[in-house]
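Listed below, chain by chain, are the residues.
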Amino acid sequence: MLELRNIKKSYDGVTILKDINLKIEDGEIVSILGPSGCGKTTLLNLILGLTDADQGQIIFDGKDITNVPMEKRGFNIVFQDYALFPNLNVYKNITYGLKNKPDISSREEVEDFIELLGLKPHLEKKIEQLSGGQKQRVALARTMVMKPKILLLDEPLSALDGVIKESIKQKIKQIARDYHLTTIIVTHDPEEALTLSDKVMIVNEGGISQFGAPEEIIASPRNNFVKEFILNQLEIKKNNIFSLFQREMAAQAV
Amino acid sequence: MVKRKEREIKDIYVIVLALFAAFLAIPVVRLLVESFVEEAGIGLAYYSEVLTERGFTKALANSVTVSLASALLATVLAFILAYSIQYTNLNRKYKSVIRTLAVLPMLLPTITYGFAIIYSFGKQGLLTRLFGVQLFDIYGFNGLLFGYVIYTLPISFMLIHNTMGFIDKKFMVVSRVMGDSNIATFLQTVMRPLLGTLAASMVQCFFLCFTDYGIPASVGGEYDVVATVLYNEMLGSIPNFNRGAVVAVMMLIPSVISILLLHYLERYNVRYNKISTIEFRKNYLRDGVFGTLSGLILLVMLSIFAVIFVVPLVQEWPYQTAFTLEHVKSVLEDNSLFGVHENSIFVAAATAVAGLLVTYGAALASARSSLNGKLKSVIDSIALVTNTIPGMVIGIAFMLIFTGTPLQNTFWLIILCNVVHFFSTPYLMMKNSLSKLNSSWETTASLMGDNWIKTIVRIVTPNMTSTILEVFSYYFVNAMVTVSAVIFIAGARTMVITTKIKELQYYTKFNEIFVLSLLILFTNLIVKGVLSLVIRKTERKK
Numbered sequence: 001m002l003e004l005r006n007i008k009k010s011y012d013g014v015t016i017l018k019d020i021n022l023k024i025e026d027g028e029i030v031s032i033l034g035p036s037g038c039g040k041t042t043l044l045n046l047i048l049g050l051t052d053a054d055q056g057q058i059i060f061d062g063k064d065i066t067n068v069p070m071e072k073r074g075f076n077i078v079f080q081d082y083a084l085f086p087n088l089n090v091y092k093n094i095t096y097g098l099k100n101k102p103d104i105s106s107r108e109e110v111e112d113f114i115e116l117l118g119l120k121p122h123l124e125k126k127i128e129q130l131s132g133g134q135k136q137r138v139a140l141a142r143t144m145v146m147k148p149k150i151l152l153l154d155e156p157l158s159a160l161d162g163v164i165k166e167s168i169k170q171k172i173k174q175i176a177r178d179y180h181l182t183t184i185i186v187t188h189d190p191e192e193a194l195t196l197s198d199k200v201m202i203v204n205e206g207g208i209s210q211f212g213a214p215e216e217i218i219a220s221p222r223n224n225f226v227k228e229f230i231l232n233q234l235e236i237k238k239n240n241i242f243s244l245f246q247r248e249m250a251a252q253a254v
Numbered sequence: 255m256v257k258r259k260e261r262e263i264k265d266i267y268v269i270v271l272a273l274f275a276a277f278l279a280i281p282v283v284r285l286l287v288e289s290f291v292e293e294a295g296i297g298l299a300y301y302s303e304v305l306t307e308r309g310f311t312k313a314l315a316n317s318v319t320v321s322l323a324s325a326l327l328a329t330v331l332a333f334i335l336a337y338s339i340q341y342t343n344l345n346r347k348y349k350s351v352i353r354t355l356a357v358l359p360m361l362l363p364t365i366t367y368g369f370a371i372i373y374s375f376g377k378q379g380l381l382t383r384l385f386g387v388q389l390f391d392i393y394g395f396n397g398l399l400f401g402y403v404i405y406t407l408p409i410s411f412m413l414i415h416n417t418m419g420f421i422d423k424k425f426m427v428v429s430r431v432m433g434d435s436n437i438a439t440f441l442q443t444v445m446r447p448l449l450g451t452l453a454a455s456m457v458q459c460f461f462l463c464f465t466d467y468g469i470p471a472s473v474g475g476e477y478d479v480v481a482t483v484l485y486n487e488m489l490g491s492i493p494n495f496n497r498g499a500v501v502a503v504m505m506l507i508p509s510v511i512s513i514l515l516l517h518y519l520e521r522y523n524v525r526y527n528k529i530s531t532i533e534f535r536k537n538y539l540r541d542g543v544f545g546t547l548s549g550l551i552l553l554v555m556l557s558i559f560a561v562i563f564v565v566p567l568v569q570e571w572p573y574q575t576a577f578t579l580e581h582v583k584s585v586l587e588d589n590s591l592f593g594v595h596e597n598s599i600f601v602a603a604a605t606a607v608a609g610l611l612v613t614y615g616a617a618l619a620s621a622r623s624s625l626n627g628k629l630k631s632v633i634d635s636i637a638l639v640t641n642t643i644p645g646m647v648i649g650i651a652f653m654l655i656f657t658g659t660p661l662q663n664t665f666w667l668i669i670l671c672n673v674v675h676f677f678s679t680p681y682l683m684m685k686n687s688l689s690k691l692n693s694s695w696e697t698t699a700s701l702m703g704d705n706w707i708k709t710i711v712r713i714v715t716p717n718m719t720s721t722i723l724e725v726f727s728y729y730f731v732n733a734m735v736t737v738s739a740v741i742f743i744a745g746a747r748t749m750v751i752t753t754k755i756k757e758l759q760y761y762t763k764f765n766e767i768f769v770l771s772l773l774i775l776f777t778n779l780i781v782k783g784v785l786s787l788v789i790r791k792t793e794r795k796k
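Residue numbers (my numbering), protein chains in the order written: chain A, 1 to 254; chain B, 255 to 796.
Calculated from the structure, these hints are not laboratory results. By construction, the Cβ of each residue, glycine as well, lies at the ideal position given by its N, Cα and C atoms. Treat the hints with caution; some may be incorrect.
DSSO-like mimics (lysine-lysine), calculated; alpha carbons at most 30 Å apart, straight line [as the list claims (entries may be wrong)]:
1. B:Lys791 to A:Lys101
2. A:Lys120 to A:Lys149
3. A:Lys92 to B:Lys708
4. A:Lys149 to A:Lys8
5. B:Lys423 to B:Lys690
6. B:Lys264 to A:Lys99
7. B:Lys791 to A:Lys126
8. A:Lys169 to A:Lys227
9. A:Lys238 to A:Lys227
10. A:Lys99 to B:Lys690
11. A:Lys99 to B:Lys423
12. B:Lys423 to A:Lys125
13. A:Lys72 to A:Lys149
14. B:Lys528 to A:Lys125
15. A:Lys147 to A:Lys72
16. B:Lys423 to A:Lys72
17. A:Lys125 to B:Lys708
18. B:Lys791 to A:Lys72
Some chain B residues near chain A, calculated using beta-carbon distances under 8 Å [what the hints assert, rightly or not]:
19. Ser289
20. Glu292
21. Gly783
Here chain A stands alone, though its shape is the one from the complex:
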């Protein structure tokens, strides 16, 4: 279980996060949802260990890891732009960490990740030859080989288009389920957050607006921000799609 207690962070006197308290259970998929500039990426960096908190504690499995450096925490991240290494091919990217920690994943496990993410036909390819979705899957595989205790994903779907988005969503869900892996996702898209995760944390102006299961958020939005900015967006989308399908049905009826 990951727990954040009274986390505070500010840059140059500007408060980014104030008084963040949060508990994430093992194997949960949690989305951090909010508009740009709300502090969600900072929160992700705090958990990863890239950024130090000004105040508060981070507890993982009962141990205080607030002052444990990034490399020692055993968490891992897939960045929004994937940060794949262009001088190495797909296979070498995936197995990059094995050069440093040869025993972290066995040959079979690596094969499994490659199989699961459908990367077999692409192993010899250069990074630039890949599509956005393929890059995302390579980055996921590379991270999974490191057997992270928590998987962090920074806007994993925002660079992808329609159909691919849905298939990557499925892969993320499958990985979290199969490996019982705590997964924390940062996103600005309510639809993504609410359809992908077990729990959603809505962040606004440096604080947590609401933290709960998607159904809870839909059923009982806790404040105006959640209502106006999160639910309203989904409402508009829903109506657009409904009217689209109604027209289609009307056409069929005629």
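Got chain A sorted already, so can you dock chain B onto it with the hints?
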């Protein structure tokens, strides 16, 4: 913000700073001190002495006049060359010939151009004999102008050509469909975005002419410029280091002003979000005019370079013009001459390696570390300062401070001097490329268990190959051709080709001068050729 310890990068930062403190700050301060210290204490006596002298004020005025004229001419000619490439429908092969020839003068030392001009336009010159009449008097203003223009044309061309490449050509279409006249389109879509660069080119060329020593050393004649005055004060028949230091400071002032001006001009650069190319309108007149003009410019330039090939390959210019390899052979056999070629190659290669390490380290610290912004800006300031200080000034400062130390008369001194002197451009190249690399690589790699050094070796360096080779080539070529700084610090055992050429001038051994110049040219051509081949290969592989 970032939590990684970055021990290594801090060490590198300290080393870089220490290097520039010892080989830039201290020598230059020492030079300044020299200009103020009198027998009775500190004062401005040397300044008033030098500045009130007719000789110096005349030389200063000469320097400014001829540098301004050269800068203007070089910029106009460079514009024509760049325009021919970027805005006409000339044949692609012809364009690439222009591109190649325009930068050729960079591969030779300036002192060689001077002698080449003498042998082209002098009384017995190649071109004078071809035309049957001497076209103009070469010693003094004309010769300097000619030499400076050849010297600065490549730099101006590269600046303008580069900016033109980053101008969004689609705006020409927009301007035309909005009903602009041809002139208005030209002014609005070509000249306007180029203004900053044209001004920058003027300033840069002025700075280079003002501080060059090679050209006045050969064709200056009675027309004294600041560089010749400075040389005579330091190494002339009656050396006076104090007065020399004053002249050096006087050379420094316009340099500082021009670099500050360059910095200021940067804000006039127009940035386009996207660069698109268009098909240029068919216009045979435009293509013809620019094709011809470019051809003429390059022909004149090449005709001057022709003598470098012709003179040493005939028996005795201009009286016995039968072909011979005798002069080449005798240079190759004479160890006192061919030996300096080996020295030059050693110095250039060592400069390139050392320069590479220093610029890479400095750029890593400023582009890929979480060091404090103020600390990073110190490195940027160092780059700015090295860009400001003329080679002659560094050379003199080194001479003043390292004479009597174990470093005196060593190759290390020359190498360090070159590394410091040419730091600015390659540092910026490195920093630019490094900051374009994905900023999450180090974090990602460290999550995969890499330490910092490992990441640099496994990820960053492989993705920097072409820039690293370009930096190597920049340092190598510049170290091969530079004369202004090394002339003050090269000793008898540490002669390089350019200083040897200066020495040979006393004995009027021009055959040897040209053979040595050819050695520089071919060495540079080979190094540049091989490196650009490798660069192209790595780029294609990506």
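Against the structure, the hints:
1. Note on Lys791 of chain B and Lys101 of chain A: the hinted pairing is violated, with a Cα-Cα distance of about 33 Å set against a maximum of 30 Å.
2. Only pairs whose Cα atoms come within 30 Å are accepted, and Lys120 of chain A paired with Lys149 of chain A is accepted, the gap being roughly 25 Å.
3. A hinted pair counts as satisfied when its Cα atoms are at most 30 Å apart, and Lys92 of chain A with Lys708 of chain B qualifies at roughly 15 Å.
4. A threshold of 30 Å between alpha carbons decides the hint, and for Lys149 of chain A with Lys8 of chain A the separation of about 24 Å falls inside it, so the pair holds.
5. As the CA atoms of Lys423 of chain B and Lys690 of chain B are separated by approximately 24 Å, the hinted pair is consistent with the 30 Å bound.
6. The straight-line distance between the Cα atoms of Lys264 of chain B and Lys99 of chain A is roughly 26 Å, inside the 30 Å bound, and the hint therefore holds.
7. Note on Lys791 of chain B and Lys126 of chain A: the hinted pairing holds, with a Cα-Cα distance of about 16 Å set against a maximum of 30 Å.
8. Distance restraint check for Lys169 of chain A and Lys227 of chain A: the Cα-Cα separation of roughly 25 Å lies within the 30 Å cut-off, and the hinted pair is therefore satisfied.
9. Under the criterion of a C-alpha separation no larger than 30 Å, the hint pairing Lys238 of chain A with Lys227 of chain A is consistent with the structure, at around 15 Å.
10. Note on Lys99 of chain A and Lys690 of chain B: the hinted pairing holds, with a Cα-Cα distance of about 26 Å set against a maximum of 30 Å.
11. Taking the CA atoms of Lys99 of chain A and Lys423 of chain B, the gap is near 48 Å; set against the 30 Å cutoff, the hint is violated.
12. Note on Lys423 of chain B and Lys125 of chain A: the hinted pairing is violated, with a Cα-Cα distance of about 35 Å set against a maximum of 30 Å.
13. Taking the CA atoms of Lys72 of chain A and Lys149 of chain A, the gap is about 11 Å. The hint holds against a cut of 30 Å.
14. With a C-alpha separation of about 29 Å, the suggested pair Lys528 of chain B and Lys125 of chain A falls inside the 30 Å cut-off, and the hint holds.
15. Our distance criterion of 30 Å between C-alpha atoms is met by Lys147 of chain A and Lys72 of chain A, whose separation comes to about 13 Å.
16. With a CA separation close to 52 Å, the supplied pair Lys423 of chain B and Lys72 of chain A exceeds the 30 Å bound.
17. The straight-line distance between the Cα atoms of Lys125 of chain A and Lys708 of chain B is roughly 24 Å, inside the 30 Å bound, and the hint therefore holds.
18. At roughly 40 Å between alpha-carbon atoms, Lys791 of chain B and Lys72 of chain A are farther apart than 30 Å, so this suggested pair is violated.
19. Taking 8 Å as the C-beta contact cut-off toward chain A, the hint placing Ser289 of chain B at the interface is violated, the least distance being around 43 Å.
20. Taken as an interface hint, Glu292 of chain B does not check out: its beta carbon lies about 50 Å from the nearest beta carbon of chain A, beyond 8 Å.
21. This hint is violated: Gly783 of chain B has a C-beta 25 Å from the nearest C-beta of chain A, more than the 8 Å allowed.
The structure does not agree with the numbered hints 1, 11, 12, 16, 18, 19, 20 and 21 stated previously, though it agrees with the rest.
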